[in-house]
Amino acid sequence: MTDATFPASAAAPQSKSSLLVVDERTRKRNAAEKRFRAYGLSAIAIALIALVVLMYSIFSDGIGAFRQTYLEIPVTLDAAQLDKNGNRNPEDIKKVLTTTYGKLLDQSLQAVMTQNGITIEGIAAKDVSDLISKEASAQLRNRVLANPDLVGQTIDARVLVNGRVDGYYKGRVSMESAARDSNTSPAQLQLADALKGKGMLSTEWNWSFLTNPDASDQRPEAAGVGVAILGSLYMMLVVLFLAVPIGVAASIYLEEFAPKNRLTDIIEVNISNLAAVPSIVFGILGLAAFINFAGLPQSAPIVGGLVLTLMTLPTIIIATRAALKAVPPSIRDAALGVGASKMQSVFHHVLPLAMPGILTGTIIGLAQALGETAPLLLIGMVAFVKNFPAAPMEGLFDPASALPVQVYNWTQRADPAFMERASGAIIVLLVFLLCMNLIAIFLRRKFERRW
Amino acid sequence: MNDMRILERAVEQTDIKISARKVQVHYGEKHALKDVDVDILDKTVTAFIGPSGCGKSTFLRCLNRMNDTIDSCRVDGRIALDGEDIYDKRVDPVQLRARVGMVFQKPNPFPKSIYDNVAYGPRIHGLARNRAELDEIVEKSLRGAALWNEVKDRLSEPGTGLSGGQQQRLCIARAVATQPEVLLMDEPCSALDPIATSQVEDLIDHLREQFSVVIVTHSMQQAARVSQKTAFFHLGNLVEYADTDDIFTRPRDPRTESYISGRIG
Amino acid sequence: MPVSWTLLLVLAMAVAGFVIGRSRVLAAAGGDSRLLHSRTNYYGWNIALYTAVPALFLIAIWLFAQPGANRILVAGVALAVAAVGLIWSLQRTAPDFRARNAVESFVRGLLIMCSSIAILTTAGIVFSMLFETGNFFSQYPWQDFFFGTTWSPRFGGGSQLGILPLVWGTLYISFIALAVSIPIGLFAAIYMSEYASPRMRGFAKPMIEILAGIPTIVYGLFALITVGPMLRDYFAQPLGLGNSGSSVMTAGLVMGIMLIPFVSSLSDDIINAVPQSLRDAALGLGSTQSETVRNVVLPAALPGIVGAILLAASRAIGETMIVVLGAGAAARMDLNPFEAMTTITVKIVSQLTGDTDFAAPETLVAFALGLTLFVVTLGLNIVALYVVRKYREQYE
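So the sequence lines, in the order shown, correspond to chains A, B and C.
Counting the first sequence from 1 gives a position; my numbering is that position plus 6.
Counting the second sequence from 1 gives a position; my numbering is that position plus 24.
Counting the third sequence from 1 gives a position; my numbering is that position plus 12.
In short, the hints are calculated from the structure, not lab data.
One thing to keep in mind: the hints can contain errors.
[What the hints assert, rightly or not] These stretches of chain A come out as covered by chain C in the derived footprint (C-beta under 8 Å, 3 or more residues):
1. 310-324
2. 373-387
[Said to hold, decoys possible] So the derived list for chain A, only partly shown, Cβ under 10 Å to chain C, looks like this:
3. 57
4. 264
5. 291
6. 293
7. 350
[Claimed, not checked] DSS-like mimics (lysine-lysine), calculated; alpha carbons at most 25 Å apart, straight line:
8. B:113 <-> A:34
9. A:204 <-> A:132
10. C:402 <-> B:136
11. C:402 <-> B:130
12. A:100 <-> A:90
13. A:204 <-> A:140
14. C:402 <-> A:331
15. A:140 <-> A:101
C-beta: ideal position from N, C-alpha, C; glycine also.
Isolated chain A (complex conformation) (with noise of 0.2 Å):
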């Protein structure tokens, strides 16, 4: 304490000032202090402003997939054409070409427009006969194959209208936008609308998206995403089945039981690093593994499924061995104390106490891996893929699409209408999405300890 001098002049007194009036420095200081804050406050509005944008363009573009404009029409199945034979039998019936089945069509609305006196002024014959969809005589033709009998009757038929008419029912085509287009004309919508005034052609709800496969360039209409929800299923069947078994016994080994040495350092920096890897790497991966040195077929779940564990695993063992470590030592002890070995203790004790965290980060890893979209790229899955696959096991090998596939699939097509379609993809992906985060926040809630 020897230099603890304090010459009287050491402090200059501080000009006093009343605490009551705000000097220019001060006012200076919080003027930056409010402009800070602003900052703040404008970069989380700008966050969340972007959230709303997002979600308003993704949802007023994708909701028209979920509706569809039909055309109810009697159609007459001409036994003369569909049956020539005359004796009703399935085999010749399934000869007769889908062609058949549009002349059909064609002639039915035809028909139509006569019976109510509908003409519409320069209409070419190709824009009738194009106002119904092309899927709809393929529909027509199943419908028939199923049911032979209905050779000779006329029946009530539910068919589809082409995309554009769709589309102008939709805002998405005008009669402006009709008249520079090849695929239909002014005259068609007209058409159309005199058949909606005779109540024949109407805009529903449409459960077929999520039930139809997916459609060829010329049919966006028809197009749905069955097949892929069925292919994102299968694979997360796959990641359930091997990414949460693998996942929380390597979480177990490396919380519980690993020693404190080189190896297990490694692993633990693998595992943290894999998580942030790339995951088009992990689309390589498979790529060089699964297919061509395993050689496992192409666009099959199984392929994706794995590729996803691999992708899953780190986020999963994370999220475990958080929950393991959330469980307090005096457990374990309290079961050692009392004679159990460590796996009794582990097994026991431990792994039911930190179910619901391991629970909730296994689902956080399943809806990760829902939409992962780069690494089934590159193992096939972006084939244009018309059939369900099979149940499983066998069906794990089928061809299939899988949901945001489905999307980038939709946006790589020429017809405008597919951008709609893959919108409505998302949205089903987000629902997807949406709930299985609510359970994971259900049973954070529900099961949430505090020690």
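Go by the hints and put chains B and C onto chain A.
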């Protein structure tokens, strides 16, 4: 109201620095301080003692409005610095805290150099017009905190590299550098060893020559060593406030006596 | 399908082994389970594990390595292995056999195997790419790959496969993404941890985290149908900067939005790790709150924030779907942000989808691109995780 005005005049006439009247503090539902009346004298060391949870630190934090940072905290009553109510709407706590400095329980130097730690206050309050003046303030403050000789050759090293006692003296130097009129110290020695404690205690004695010091301590010996006035708090009440000598030799309240003789604590 | 039947048979043998072993050891002890070394179930488990696990592993590995293998042969060998395991472990079953210890070491072995899958994955990634990258460099000089400034693959031969235009596009887009996300994310984190009331925090934090839970394909579609056309119509065309909906700006902006929650939640953690005592010290000296943040909290949190930014950068570089849908496919080195450019990840996708010929350098280059991407992001991650960990230790 009449006696209130008399009190105010008294504040102006004598060397009372801070006067507190009927101070109540609530933390949410909890009533942490009840009706505290204290006059803190200028150029004096005032000690707040009492068992833990008695409200002494809470009251200390009221004196420079550090309680404002706690959302659930509500302060009623009147606390005046030089006769001006510090809880008046027009008062900017930033200006108040420049005049009523604070030193905390645990040494908390900023992760900056020793120089920047001490220069922080003068810089934000604009006390120096140029580098030379700032250098002077830093040196004076470090001398004032009895730290200059130990650190003058390594002013650019981080303050966190000092020993615990040195860190606490650095924090005192940092508080002194803003040239406060009152220095509040919240158990400044509780994290220090006996040697560092005695250094800080000597320092407090010197600081009294410049301004008033209010120290919260749980050590009665420390209160007896460094302070001239002592206030004893118990369960949110100010039980007794008198000259330190009187409190320790002739306590008037039985509760004070029990505490001093070690029966409540 | 013989494989599922084999699986069922093996499992049935395991269950049978469990029951037989349990009853046999109990009989050997004269019905008094207290004479046994372990509880009776452990004897059963011991047999079941030795019966089922080796056989199941054999089936999995065999079918993986040789998917076209003769199913009857696989089934036969697997059943034989299961039978050997069953008989061997049955023979070991006796009252003084340490069944619990045997089961526990078996389970421990399984746990270790599961943990090593992480390492196997990394090894798999590295080897699968190293091998094909080697093939690529045997057909295409590495100097031209790393220093070439033209990217024009031609499947007829004579391709120029220089990575530099792709690196430029990747870095340009990442730069814009970080320029958007770092200030917004950081300020949002500061506001939420230093200023926001608990109610506001309780609302805004989960809302921002929703952004983190949205799959990247959604952002990609957003870029393609909303942001791209908007930027083109309101900025690029009026300013005469281009006519392309997909551009560096489109991809960068959308990726920036995607990274906001990433930056903000990491920074939030890091800012909260700064001890309250430092804030008190600054406030006690008469700082305003913003001075406390700028002069004390942020400098103290700086290393951690740098780590968070590096992690975000690694995310941006490896992001695929947003750039596939938002950035375009033209490999170009240009400064105009409204011009379409392309990235490493876009080219990996385009070279590996559709008809691929794994002998042609035009396909194999994707593996070299992938390896480059992996090495760069891994480097960033290792540095970032190290910095963040060191930062955490400082305040523990």
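Which numbered hints fail:
Per hint list: zero violations.
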